[in-house]
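This is what each chain is made of:
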Amino acid sequence: MGNAMKKLLNRTIWPFALYSLIVLAVSVPVYFFIVEQIWEDELDEHHWITKNKVEQELNTEYENPAEIPVMLEQFNRLNLGSTIRAMGSGEHPGDSVYSHYRFDPYYNEVERFRVLSAQIKIHNEPYRLIIETNIEESEETVLAIATVAISFFLILLLGFFWLNRNLSRKIWKPFYSTLDKLKTFDLSGEKGIVTEQTDVLEFEELNKALHVLIEKNVSVFRQQKEFTENASHELQTPLAILKSKVDLLLQDETLTQEQSEKIEALNAPLSRVSRINKNLLILARIENQKFADHTEDLDIGALVNESLEFIADQVAGRHITISKEISTEVTVHANRSLLETVILNLLLNAIRHNVEKGVLHISLTDKKLVVSNSGTASLNTDSLFQRFASTSRVSPGSGLGLALVHEICRRYGWKVAYRFEKDMHIFAVQF
Amino acid sequence: MKLLIVEDEADLARDIVEYLSNEKYVCEIAGTFEQALDKIVTYSYDCVLLDLMLPGGNGMTLLEELKKQDRQDGVIIISARNSIDDKVTGLKIGADDYLSKPFHLSELAARVHSVIRRKQFHSNNVIHSGELKIDFLAKTVSVNDHPVPLTKKELDLLLFFIGNKNRVISRSALAEHLSGDIADMLDNHDFVYAHIKNLKKKLHDAGCDAYLKTVYGTGYKWEMP
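Chains as they are written, first to last, in this note's numbering: chain L, 1 to 431; chain Z, 1 to 225.
It should be emphasised that the hints constitute simulated quantities derived from the structure, not laboratory data. Even for Gly, the Cβ is constructed at its ideal location relative to N, Cα and C. Please note that a few of the clues may not be correct.
[Stated by the list, open to error] Mimicking EDC-like on lysine to aspartate or glutamate, the simulated pairs with C-alpha atoms at most 16 angstroms apart in a straight line are:
#1 Z:LYS201 - Z:ASP135
#2 Z:LYS153 - L:ASP313
#3 Z:LYS165 - L:ASP252
#4 L:LYS245 - Z:GLU223
#5 Z:LYS165 - Z:ASP70
#6 Z:LYS221 - L:ASP252
#7 L:LYS225 - L:GLU140
[What the hints assert, rightly or not] Per label pair, the in silico range of CB-to-CB distance:
#8 Z:GLU65 - L:TYR176: 51 to 61 angstroms
#9 L:ASN230 - Z:THR61: 18 to 28 angstroms
#10 Z:GLN69 - L:ARG336: 26 to 36 angstroms
#11 L:THR254 - Z:VAL126: 52 to 62 angstroms
#12 Z:LYS68 - L:ARG336: 37 to 47 angstroms
#13 Z:THR61 - L:GLU421: 48 to 58 angstroms
#14 Z:GLU34 - L:ILE326: 51 to 61 angstroms
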């Protein structure tokens, strides 16, 4: 991942480039053979015509056979690229066509020549006619073709890159637009995405599939949120009836001590269920964005002090020493009851998960609230802020307190963090 | 004193009536929006307990109706919605208090008592209960005209008991009352015992009769004829 990731188009360009390189490389010998073949065929054809012309001319122009040796000597001396000599005795009378290299005084270097060695008859005497024509050397041909091939390859490569950039801008535009929309998509916003119109079939299908997927998700999410909220509402009334029945039962004057203790014992779990239900409802309401109204500028320090008064009894009960360091006038714009929930939950946690005669330190500086308390072992940092993840057997809370803190902080863009250091649980909220 | 309980959950309404009814309170029940509207228009009440979600309409409309008629009936909203919006809106329209379900009947009784008291004593906010005299403006308590210095929580408890005369109140209900919204976050209700002990001692030292009884170690009762 990371650096190894390539754009799709960059991924395709290299196979394309390699393929064109192979094709062009293979084309070099193919071109070479074709060019050679054409050269040779043309020269051979020309040689044969020349041979026929020479044979015919010599027979018609020189009627006297005695003139022939003189003429041939002159002809050969002119060195026109052709020689005619008398056929040697025992010489094979056949014709042959071939190429060969030899030094040429005129070119002053070794050159390649195409040769026709044919038998001609002048006045019925056999002669050997040898016609030579300079032909391009193979390596020069190869070099020329290779140069052309490489040039074309470079042109192709440049073209690929240029097309690639343009294509990625134009053709992939709807894709990247959809991708951007997906990146910023927020399920809790409960709005689908609006994708760009495209005439590319694949992108259109992708967009359609995404629309269906997102709509389904949004609807499921909405149902789930509404379900939680509705379920919590529905539970409130039976809980209220339960609670009132317990209160009424206690009024019975014929109750025995044992019965009345059992009835009172009902209150604790009842209270806990109420708490869980209430927290679920608050969570659902935050998710349903029903706390948008009623925000105000709140003095965090003042709220911390108020909350400490609220829980003074709890602190005294556990013999916890409180120290605080609160800088004045740190304000934040939020819903009062939500901010109170954050502070109270953190403080109550710090008491609940404290040790007997432990310490609780609160510091508020520069928009950062830090609540630290004595502890024995680190909490599970992975699941700490998840719903029902932090419930401990020792001191059962609602299991939702920290989830609530987390959700509220997320809602306002505050950062809440936990660490365990030197036998202290430390929760910090950066406002 | 006449109370109207507007609550569609018949079971809960009956429980409320059973708990609140005594020689002083007479309770009526309205189970639907229509019934409630009929009663409100026809009679006047010292206190109306108003559920918001009613068959046939929203309780908030009833509250608006009461205020439109410029009525002095005390109103306590008892709602399962527990929504801050409802609370703010309700109090703004003119409800005297807001109690979210589920609640302890003793809490409700204390609130009713408090609302009626506020409605009855506009300026002279003093109540007498036996040899006890409680001045709400000055927030002082005296026994036979001798001042008893009570803490805020002790005073709070005393008022709670007076609002729940001759009823057994569980320690949980007291804890919830003392710590308000956060009561159910607390695991330990022992602090109630400490406050009660102090209150008892202060009243006793001031020469007040021992009205406050402990019932089987789980609850308390303010016994006063």
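Okay, the hints, checked on the actual structure:
no., hint, in the structure
1, Z:LYS201 - Z:ASP135, "20 angstroms, violated"
2, Z:LYS153 - L:ASP313, "11 angstroms, holds"
3, Z:LYS165 - L:ASP252, "15 angstroms, holds"
4, L:LYS245 - Z:GLU223, "22 angstroms, violated"
5, Z:LYS165 - Z:ASP70, "32 angstroms, violated"
6, Z:LYS221 - L:ASP252, "12 angstroms, holds"
7, L:LYS225 - L:GLU140, "80 angstroms, violated"
8, Z:GLU65 - L:TYR176: 51 to 61 angstroms, "59 angstroms, holds"
9, L:ASN230 - Z:THR61: 18 to 28 angstroms, "22 angstroms, holds"
10, Z:GLN69 - L:ARG336: 26 to 36 angstroms, "32 angstroms, holds"
11, L:THR254 - Z:VAL126: 52 to 62 angstroms, "38 angstroms, violated"
12, Z:LYS68 - L:ARG336: 37 to 47 angstroms, "30 angstroms, violated"
13, Z:THR61 - L:GLU421: 48 to 58 angstroms, "56 angstroms, holds"
14, Z:GLU34 - L:ILE326: 51 to 61 angstroms, "54 angstroms, holds"
Figure legend: structure checked against the earlier numbered hints; hints not met, in rising order: 1, 4, 5, 7, 11 and 12.
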